[in-house]
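Number of protein chains: 4
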Amino acid sequence: MNMFASVPMKVIGPVAIRGLEVNDEVIVPLATYETPLWATTNRGAKVSRQAGGILATIIDERMTRSIVLQADTAQTCLEVINALEERREELKSLVSSSSRFAKLLDINHQVAGNLLFIRFEFLTGDASGHNMVTQAADNLMTWILQNYQQLKHVSVSGNYCVDKKVSAVNGILGRGKYVVTEMVIPREVCRATLKTEPEKIAELNIKKNLIGSILAGGLRTANAHFANMLLGFYLATGQDAANIVEGSQGLVHTEMRGDDLYFSVTVPNIIVGTVGNGKDLPFVQENMALMGCDVHGEPGQNARRLAIICAATVMCGELSLMAAQTNHGELMRAHIAMERR
Amino acid sequence: MNMFASVPMKVIGPVAIRGLEVNDEVIVPLATYETPLWATTNRGAKVSRQAGGILATIIDERMTRSIVLQADTAQTCLEVINALEERREELKSLVSSSSRFAKLLDINHQVAGNLLFIRFEFLTGDASGHNMVTQAADNLMTWILQNYQQLKHVSVSGNYCVDKKVSAVNGILGRGKYVVTEMVIPREVCRATLKTEPEKIAELNIKKNLIGSILAGGLRTANAHFANMLLGFYLATGQDAANIVEGSQGLVHTEMRGDDLYFSVTVPNIIVGTVGNGKDLPFVQENMALMGCDVHGEPGQNARRLAIICAATVMCGELSLMAAQTNHGELMRAHIAMERR
Amino acid sequence: MNMFASVPMKVIGPVAIRGLEVNDEVIVPLATYETPLWATTNRGAKVSRQAGGILATIIDERMTRSIVLQADTAQTCLEVINALEERREELKSLVSSSSRFAKLLDINHQVAGNLLFIRFEFLTGDASGHNMVTQAADNLMTWILQNYQQLKHVSVSGNYCVDKKVSAVNGILGRGKYVVTEMVIPREVCRATLKTEPEKIAELNIKKNLIGSILAGGLRTANAHFANMLLGFYLATGQDAANIVEGSQGLVHTEMRGDDLYFSVTVPNIIVGTVGNGKDLPFVQENMALMGCDVHGEPGQNARRLAIICAATVMCGELSLMAAQTNHGELMRAHIAMERR
Amino acid sequence: MNMFASVPMKVIGPVAIRGLEVNDEVIVPLATYETPLWATTNRGAKVSRQAGGILATIIDERMTRSIVLQADTAQTCLEVINALEERREELKSLVSSSSRFAKLLDINHQVAGNLLFIRFEFLTGDASGHNMVTQAADNLMTWILQNYQQLKHVSVSGNYCVDKKVSAVNGILGRGKYVVTEMVIPREVCRATLKTEPEKIAELNIKKNLIGSILAGGLRTANAHFANMLLGFYLATGQDAANIVEGSQGLVHTEMRGDDLYFSVTVPNIIVGTVGNGKDLPFVQENMALMGCDVHGEPGQNARRLAIICAATVMCGELSLMAAQTNHGELMRAHIAMERR
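Those protein sequences? They're chains A, B, C and D, same order as listed.
When we follow the working numbering, the leftmost residue of the first sequence carries the number 1, and every step to the right adds one.
When we follow the working numbering, the leftmost residue of the second sequence carries the number 1, and every step to the right adds one.
When we follow the working numbering, the leftmost residue of the third sequence carries the number 1, and every step to the right adds one.
When we follow the working numbering, the leftmost residue of the fourth sequence carries the number 1, and every step to the right adds one.
Derived by calculation from the structure, the hints in this document are not laboratory data.
One or more of the hints may lead you astray.
You can't tell identical chains apart in this list, so a pair holds if it fits in one copy or across any two.
[Said to hold, decoys possible] As a list, the in silico DSS-like pairs of lysine-lysine whose alpha-carbon atoms are at most 27 Å apart:
1) K279 <-> K10
2) K152 <-> K200
3) K152 <-> K195
4) K92 <-> K200
5) K200 <-> K10
6) K92 <-> K10
Let the hints inform the model, and build the full structure from the sequences given.
Now the structure itself:
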């Protein structure tokens with residue numbers, strides 16, 4: 001039995017990106033068994049170049065862990081919440097003193113009966129930060145249990161974090177990088193490269209991504225297949241790819257801008273890093289270099305660049321599939337053609 | 001740039017499984033960058049052997065695709081729904097005539113204003129069935145559009161399917177294999193192997209998996225980390241691993257049975273196959289053979305065996321992490337120890 | 001202390017409705033403390049007359065109750081599910097033998113570990129059916145426990161029903177009357193009566209009802225204030241108004257039809273009856289007569305007519321508020337003016 | 001046609017409450033057509049007296065309105081977010097200058113493509129605050145549009161508020177009063193008054209309220225019938241009862257405390273006031289006086305007392321129904337007996 005297995009990887013053509021930390025055509029690797037994904041994403045990348053580039057914006061970034069404790073009563077929980085509010089600077093110092101990169105940003109809580117869930121939010125430099133925040137939360141919990149002996153330990157993770165599981169909290173309070181990408185696609189590009197009309201993509205987005213997802217009982221989800229591109233990108237860059245679960249919860253919004261199509265992709269929970277588990281693998285280092293995410297600079301800069309490229313890649317794949325689905329039969333024909341090659 | 005990248009894979013120790021199509025100790029491969037997952041899952045596998053095996057039950061299986069059409073009015077949609085109900089046998093024949101394996105099981109619909117979403121449910125033999133059901137849905141849509149010209153094409157996929165996205169519909173109407181695994185763990189095994197007490201796991205399940213997930217705004221989700229094991233298993237067996245999104249939506253239920261712990265894992269949306277995309281890779285074929293999922297038999301048998309092994313693997317990893325989280329500090333100590341090796 | 005309190009009620013102007021069981025201008029009563037609701041709904045009613053009427057379609061009707069039982073293992077649950085499938089006719093007879101109106105339509109189930117949830121779906125004549133289905137489910141549970149002694153009682157209601165609580169299951173499997181109402185509003189009517197343009201309502205629906213609700217972590221919810229009209233209508237007609245919880249989970253879909261606005265309201269869970277608790281109150285009987293819901297006919301006819309009028313009323317109020325919200329400041333000005341009167 | 005209709009109302013027996021602003025036995029009115037609700041809630045009230053009272057804690061209070069604006073790009077949205085962060089004191093002054101009671105607490109936002117949703121959170125004194133926050137949000141929007149002309153008006157309410165609709169945001173960021181009530185019920189009281197055992201209630205809560213609701217695709221919902229008590233209480237006290245939609249999204253948590261039952265009810269979104277629409281009706285004023293919610297004191301005190309009594313009433317009804325559902329057949333027998341009276 002071999003210990004290392006092969007996942008097919010391919011670099012897709014240059015994606016044109018404009019944004020805070022990326023102003024380039026960037027070549028992107030995608031690892032997937034579903035090889036038609038390459039052609040799909042590539043077509044979107046071509047549009048990005050023809051349309052003058054994807055504008056990327058990072059709205060927010062943070063990584064989280066929620067501990068759960070219990071008291072005799074909710075009143076005790078509330079007293080501790082209020083006390084911690086007063087001592088927030090102490091908590092921040094505690095975090096900073098035990099890690100070079102972790103920085104406590106904010107604290108949220110929920111009380112359910114006598115259970116107290118405390119959600120800590122951190123900056124974690126260039127790491128995705130899973131372990132860093134678990135370590136920090138562990139330290140914070142130890143400190144809280146020492147200082148508030150009216151509380152008892154339940155768990156270092158109370159599922160109000162929330163890691164690799166469907167939730168609303170990650171989108172509302174934030175977890176990972178919250179990235180929006182936008183592009184204005186001229187009608188001519190739409191016709192020539194995507195074989196469709198701007199209005200047809202705009203309409204399909206409403207009927208399928210918005211209404212279809214609502215009917216399906218979706219939760220903060222309105223897209224066709226964000227998860228596919230996220231998976232390929234995460235695997236190719238050594239990420240903990242199970243985070244595509246929350247990554248999949250994003251949305252597409254479009255509007256007509258005169259004759260052209262404004263197309264946007266909002267991905268609120270991109271969880272990526274350029275250091276940490278999986279990042280020492282040779283192909284990962286090659287891929288980071290390929291995308292310019294291996295520069296020496298202020299902590300966090302590489303990870304933010306990586307998140308932007310990730311979101312732009314999601315956009316390329318999403319746009320292309322949406323275009324295909326506006327035409328009866330195109331999707332199947334494309335798949336069949338692709339697999340015959 | 002290399003075209004193939006390496007994902008670390010490892011076989012975990014034998015998992016003991018009892019169920020309709022598996023009565024064995026089975027060795028399971030898991031591909032992951034998060035290497036502590038192997039030790040975690042292995043500990044659960046050890047418990048499975050000590051506790052007399054995991055009982056696995058397949059409650060249901062089906063694969064789906066939902067088309068979306070539109071009419072002038074909802075009344076027209078309703079007329080077509082009623083007409084299709086009458087002609088269901090014709091639809092079944094249409095599906096069977098164009099595929100050796102696809103078999104139409106059931107049809108569901110939603111009407112939103114003048115939009116008609118039709119969700120087709122199929123058996124797909126040993127394939128996970130993504131392409132098979134898209135092809136079948138495409139044929140059905142063509143037939144419907146020909147027979148009911150009061151309808152117009154919107155898309156072959158209307159997000160009421162729903163693929164690789166968070167939803168409630170997949171759990172309620174079914175998509176993939178719906179597998180329940182169960183084990184009764186003697187207190188002695190709990191203590192010796194899991195370093196905890198049955199009551200502590202039962203309590204943590206309520207406070208973290210059930211209540212914590214509810215507070216987080218989870219949707220049909222009550223587990224600690226199903227997604228991790230699903231990802232590792234899907235990658236090791238050539239699956240379309242983006243399906244961990246719906247796979248992650250499952251739940252743990254426990255109860256005390258006298259002195260022992262009844263522990264169950266319900267995974268309603270396991271989407272796996274033993275043939276199709278990704279299954280021709282040499283390491284995948286090795287892994288299928290390792291698990292006995294490459295036998296010649298009735299269509300569907302290999303895929304069902306694979307789904308059972310998958311769910312049992314999810315259980316092993318889930319149990320072990322839950323146990324670790326009952327003890328303050330154990331999780332971090334384990335991670336640190338693991339990564340130093 | 002007085003035993004009866006006063007809720008302000010008012011009849012709104014005639015609503016024009018076209019549909020299977022209503023082809024009339026109908027006067028509708030609304031009971032509410034929020035008196036601006038009358039003017040709002042009235043404006044929508046005026047539009048309905050000017051636009052040639054609201055087309056109403058009942059897509060489905062059923063009432064449900066889900067029992068929960070438990071076994072030793074999921075396999076036992078599955079065996080019982082399969083056995084009940086074989087004996088469905090017996091179950092139907094059992095229901096019909098103990099009630100003149102209750103008729104078993106369908107059965108769905110969920111298995112979670114060793115727990116078995118069975119969701120029974122019934123027709124209930126002109127009653128909303130809460131008690132009828134509880135009685136029927138109680139009988140069915142008794143019969144099942146007698147015939148399958150491997151099962152144990154947990155509860156006659158397992159929250160998979162689901163009554164007066166947020167869920168996805170009610171929209172997907174059905175509970176109550178599933179009604180769609182539609183109207184094509186000429187631009188001139190939009191301008192004259194609603195003081196806005198068709199495009200502005202269509203845009204607002206996308207940005208507020210669809211996208212805003214998705215961001216809020218809504219579940220099968222895309223509307224501005226269905227709950228307001230439902231509450232007023234339910235109180236005025238003696239319904240169990242706590243069912244506005246599931247009633248609120250519906251959606252608005254619009255599209256431009258040339259120069260005019262297609263506006264639709266989908267309300268999948270209207271739970272109303274013309275007989276039963278609360279229906280003997282004199283004002284309720286007056287109101288039923290006012291709307292023509294007190295005729296002698298086949299069971300269910302009055303309740304269906306009532307549901308259609310209810311959905312049309314929801315549409316009138318929804319349309320009017322949406323129009324107001326397209327204009328900056330109109331909402332507040334209207335409220336202030338209203339309350340000064 | 002009469003303009004005022006009668007809703008049956010009844011005062012239930014004294015509920016014993018201990019908490020920040022209530023230390024009394026309080027008599028509570030409930031208006032409902034579902035008259036068995038009185039007996040149900042009364043039984044719980046009896047338990048509250050026998051068990052030494054319900055402990056009530058207000059975790060949080062705020063009222064919200066979310067405007068929606070749009071820009072050319074997400075980058076512009078982000079710039080405005082950052083600018084408003086700097087000028088938060090100006091925004092607070094703006095709110096305070098135009099209202100005696102409204103006080104801006106916090107601001108949250110979401111960006112979806114080029115759409116900017118800003119959620120304002122306020123204190124609103126003794127009013128539930130619907131109109132107060134709409135007025136304040138309208139003023140804030142006017143100011144923002146004047147100061148940031150790169151933004152365009154979409155709507156004063158963008159459904160990220162969110163009023164009378166299912167969501168996760170209200171529970172996570174807060175809307176209304178977040179109240180937890182707790183009680184420890186001796187086994188003897190459980191047996192004598194509730195006719196059941198503590199363990200049976202604890203078990204049913206797990207299987208029905210937690211697991212059943214999760215399977216149903218519930219969202220932050222784990223209770224049997226909060227909505228019933230909320231509706232009766234809201235109608236009896238002149239509230240805008242459509243707010244039971246978000247009110248219904250709460251949860252029950254229990255645990256065994258030695259031989260006794262710890263029973264808690266968490267209701268995060270109680271939206272009540274003692275002044276404003278509906279509060280001038282004579283029966284409402286009588287009811288406010290009955291509960292001691294008409295005292296002259298600091299603004300907010302009466303509304304907080306009312307919220308506590310409301311949550312305690314929810315607890316009484318919830319506990320009693322849960323107890324009844326532990327026994328096969330009790331629910332139906334009780335309903336039938338009740339309706340015969």
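Which numbered hints fail: Those not satisfied are hints 4, 5 and 6.
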